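Number of protein chains: 4
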Amino acid sequence: MTNSVAFIGLGAMGYRMAAHLPKSFAQVMVWNRNFAKAEQHAAKYGTQAVTIEQATQADIIFSCLPTSAEVESIITQYPPKSGAIWVDCTSGVPESAVKMASFLQAQGAHFLDAPVSGQTIGAENGTLTVMIGGDAQAFERAYAAIEPFGGLIKHVGESGAGFAVKAVNNMLLAANLWATAEGFTTLKANGVDLNSALECINASSGKSAVTEMVLPQRILNREFPLTFALPLLAKDTGIALALAQQAKLPTPLLSLTQNLIQTANLTSEPDSDFSAAVKLYESWSQIEIK
Amino acid sequence: MTNSVAFIGLGAMGYRMAAHLPKSFAQVMVWNRNFAKAEQHAAKYGTQAVTIEQATQADIIFSCLPTSAEVESIITQYPPKSGAIWVDCTSGVPESAVKMASFLQAQGAHFLDAPVSGQTIGAENGTLTVMIGGDAQAFERAYAAIEPFGGLIKHVGESGAGFAVKAVNNMLLAANLWATAEGFTTLKANGVDLNSALECINASSGKSAVTEMVLPQRILNREFPLTFALPLLAKDTGIALALAQQAKLPTPLLSLTQNLIQTANLTSEPDSDFSAAVKLYESWSQIEIK
Amino acid sequence: MTNSVAFIGLGAMGYRMAAHLPKSFAQVMVWNRNFAKAEQHAAKYGTQAVTIEQATQADIIFSCLPTSAEVESIITQYPPKSGAIWVDCTSGVPESAVKMASFLQAQGAHFLDAPVSGQTIGAENGTLTVMIGGDAQAFERAYAAIEPFGGLIKHVGESGAGFAVKAVNNMLLAANLWATAEGFTTLKANGVDLNSALECINASSGKSAVTEMVLPQRILNREFPLTFALPLLAKDTGIALALAQQAKLPTPLLSLTQNLIQTANLTSEPDSDFSAAVKLYESWSQIEIK
Amino acid sequence: MTNSVAFIGLGAMGYRMAAHLPKSFAQVMVWNRNFAKAEQHAAKYGTQAVTIEQATQADIIFSCLPTSAEVESIITQYPPKSGAIWVDCTSGVPESAVKMASFLQAQGAHFLDAPVSGQTIGAENGTLTVMIGGDAQAFERAYAAIEPFGGLIKHVGESGAGFAVKAVNNMLLAANLWATAEGFTTLKANGVDLNSALECINASSGKSAVTEMVLPQRILNREFPLTFALPLLAKDTGIALALAQQAKLPTPLLSLTQNLIQTANLTSEPDSDFSAAVKLYESWSQIEIK
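Residue numbers (the working numbering), protein chains in the order written: chain A, 1 to 290; chain B, 291 to 580; chain C, 581 to 870; chain D, 871 to 1160.
Note that these hints are calculated values from the structure, not bench results. Since the model is a prediction, treat every value here as computed from it, not as a measurement. Mixed in with the good hints, there may be bad ones.
Unchecked claim - Simulated restraints, written as ranges between beta carbons of each label pair:
id, chain 1, residue 1, chain 2, residue 2, range
1, C, 862, A, 125, 41 to 49 Å
2, C, 656, A, 282, 33 to 41 Å
3, B, 360, C, 656, 31 to 39 Å
4, A, 144, B, 356, 52 to 60 Å
5, C, 862, A, 271, 23 to 31 Å
What the hints assert, rightly or not - A short, non-exhaustive set of chain C residues, derived as facing chain B with CB atoms under 10 Å:
id, residue
6, 818
7, 825
8, 828
9, 838
By construction, the Cβ of each residue, glycine as well, lies at the ideal position given by its N, Cα and C atoms.
Looking at chain A on its own, in the form it has when it is part of the complex (with noise of 0.2 Å):
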């Protein structure tokens, strides 16, 4: 039985996806590094906020950090207590979650690789996807504290296989990024007009979330509202690639869209989201998307 979570990173998606828990949960924790946003967060939803030490200590533990690094670092230093869940909502590398399910595996404790998708509206809402992997029990047990921000909550195979399934999602949302600038400056360059494009082809077969949502909420209209940043784009496309390296497995498209995307990165503002990638297809082809 749950009788403790609680909830390690209060970035963005954390921050609100934590704000869910106290409605299933009489004691939620929370820790944050810069914890100032702990006790603010504390202060709005009634959570608790708690050193490390305490945080690591619940039955159920949320992490939702910017890379497997930072989570290694802290189950390592400060383990969970034997029968403890620890639910990993970063968007992770799969290597890291065998590794850690194992760590903890031999303490009698349990590591689900459970990053979400949805972004920050998703994490509002409570509706976010989480596709998680590891031990089949250990998800049933977890399922319950998960359901206060989760829309769609999967299990999809062993301990890796949840960040395998977030890392190439966010290379096909890569990858239709940048076709979808391509195809769009191309159409613009031969006088097309852009909004009525759109239109056709989210009614056609060459729609995507990034034709759907990514293209007009954030490019078209020159917003760029940083949500997801660039550089986790880029992190969460070489996670994808390694999988397929690993594997001996030829991608020819993904390994461009992750050079593009790279260099994209690369040479980007600080503080760019996601979807300015496409201003670096922009200074080359002169031309701006809108």
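Once you have looked at the hints, place chains B, C and D on chain A.
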């Protein structure tokens, strides 16, 4: 005022599109190279099977043929009368649209490039997306004639703009298809269940018409039903690429996509559906996407 | 028998090529759009600066112009006399060679596409490689006139074959250039001394004209001397790619090369040498190849 | 002072390399997993077939094995004595060189990564290019022992630098190979005689070791003699790519090259020479490069 309409080209798409016209027009002429098909259509839908000379003298002439070459050949041999509007639903070449529009204008007639998206099911249901380039007034006049088989009917620009949007739409379809094949193969090679992954991705930012429809309905079930032939997709990606090259645009991702689809086309079995392009990739990875 | 020769186009290449002709011919006419250059050539090398009308009436007419468009324009305005041979040393378009050969044949004259390789130093020394397409007998007759500036003079096929070989040669140059830039940057990023690496690679299987000449003489020394302009290399890679596309060949590596060179071209400073294409890559990697 | 040398790994390269050592050393030990080959070498060249325990106690130990994994396995099982220098001629992984150098340093010994280029003919003639990473003093001491089979012997940097240069060399070989295949196929599809084209390109800026040697000696003659196996080239391109990725460098052209070579590797017949990678491309184009 439109008194007569004709439909030229009763292939998988045209046959179904023309079937909707009698709802709105008393007289609907149809013509097909294999004339038996025209007679069958007449018997079934109350249209009239006529000669090509008669068909091309209608007020509004629709054509839906394999490529712009066939359309040009008919138009130049059998030019329509003054005041007529030729609505070409072929997935054609923008340059050809410009040429035909100019040729018909010299005769007091109009040419609209009006390719459709939605496949045979959309043609069946009369819900096709129709993206139209050419004279705005001709578009207004032709609108009612297009409505019986159209869902979204959109004027997107000058002559050629309709073909351009269609070509780019299909290029995006091709890019998404190949990226999805690489991505899902990567997941399978890493032990992830593809159906669970698909459910997650379709609730996430990596989704596209490929993940929502093509992958479950054509690939994962190993059916690859022939409704849109691979050589036609290869042709369309070539049209999109030519548009980029004429504009001197670099399009690394679309170029690679076109190369991959063309390779799939060259090495595929006859009568392959476009979705069977992934079989080339499967021959590389030795992993079936299922 | 050849009594008179003319040279049209005294650019960096043509000026030096024409300078060798007086060794073999009593009368050498020269013409240049900027006529002062023709007069300067006449004064320096004992040629005769003449009008375009006169130049095009020689027994053998050489041309060396930026693109096939300029050549076509002159040939069609000032067609040569019957029996003449037009030797076009431009890096031109194969299709144009076929057209010009047919146009001249109708007038009893011949067109040879005869692009050259070897850069200004080869033109200076009269050791250019000349790759020639067109009528074999015309090639035999023109051979002696080409010899003064040619090293290897080779008949490679029908009209257009010379241009095709040149375009593919330059495409390989472009591919080797970009691959070398990526490879040497990778070495530098890993702490390897580039000059030592270069010495090893030039004694190994990875060597090319780029590692043997372009890298040490233009890039590592940061000189990028303008002897072959980047826009011309971009044009040539476009010609090579068009040849592949007309043959429906997939060429993933050459397509990507052309896209990268075209991007470099679009984003380069004016008057950039072809070797300066690597500066685009340097702007991505933030590492200078030196 | 070097009193004894040993050579571990008598494959196609090692067998010939070790044959030169008796010129300079009184005592040359050899070891091979298939020991009969060591005995054959001893009988033919006056070396001594010894146990692995004996071989690894020489003053200078050479190794030439398929991959770094085999080298690591032997070194860690049979570490050399203090003062010894291990010269690893494998085409290995830079990271492994760093690890082995550190491991041996802790024992008072040295590890030099010293991969070779020049193929079996260079090994036969003792003219191999040897690119060496590691401690500069160890390099000086080992120089004389390398000389019998070396032509150019070059210190290129710290541990791993030798492997890095070799990997990048082979990546450039791979890129040039594939680009050449696409380019020459394009020429053939356009009716150009490949031997004439080759002669021109080898006298021009597009030439490389591929056009000068691989194409005429292995491909155009359809012999594809097995001297450097395709799986090893695929491995080497993977090493080069990993170097780029560790440095976060985008390398679009090298990535595509690696994907194509890996695809060729996955789909090739057993015992294919690296040059047979072009057969994959031939299966796409349906055109033999001959």
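Hint by hint, here is what the structure shows:
| no. | hint | verdict |
| --- | --- | --- |
| 1 | 862(C) to 125(A): 41 to 49 Å | holds (45 Å) |
| 2 | 656(C) to 282(A): 33 to 41 Å | holds (40 Å) |
| 3 | 360(B) to 656(C): 31 to 39 Å | holds (33 Å) |
| 4 | 144(A) to 356(B): 52 to 60 Å | holds (57 Å) |
| 5 | 862(C) to 271(A): 23 to 31 Å | holds (25 Å) |
| 6 | 818 | holds (7 Å) |
| 7 | 825 | holds (7 Å) |
| 8 | 828 | holds (7 Å) |
| 9 | 838 | holds (8 Å) |
Hint compliance for this structure: no hint is broken.
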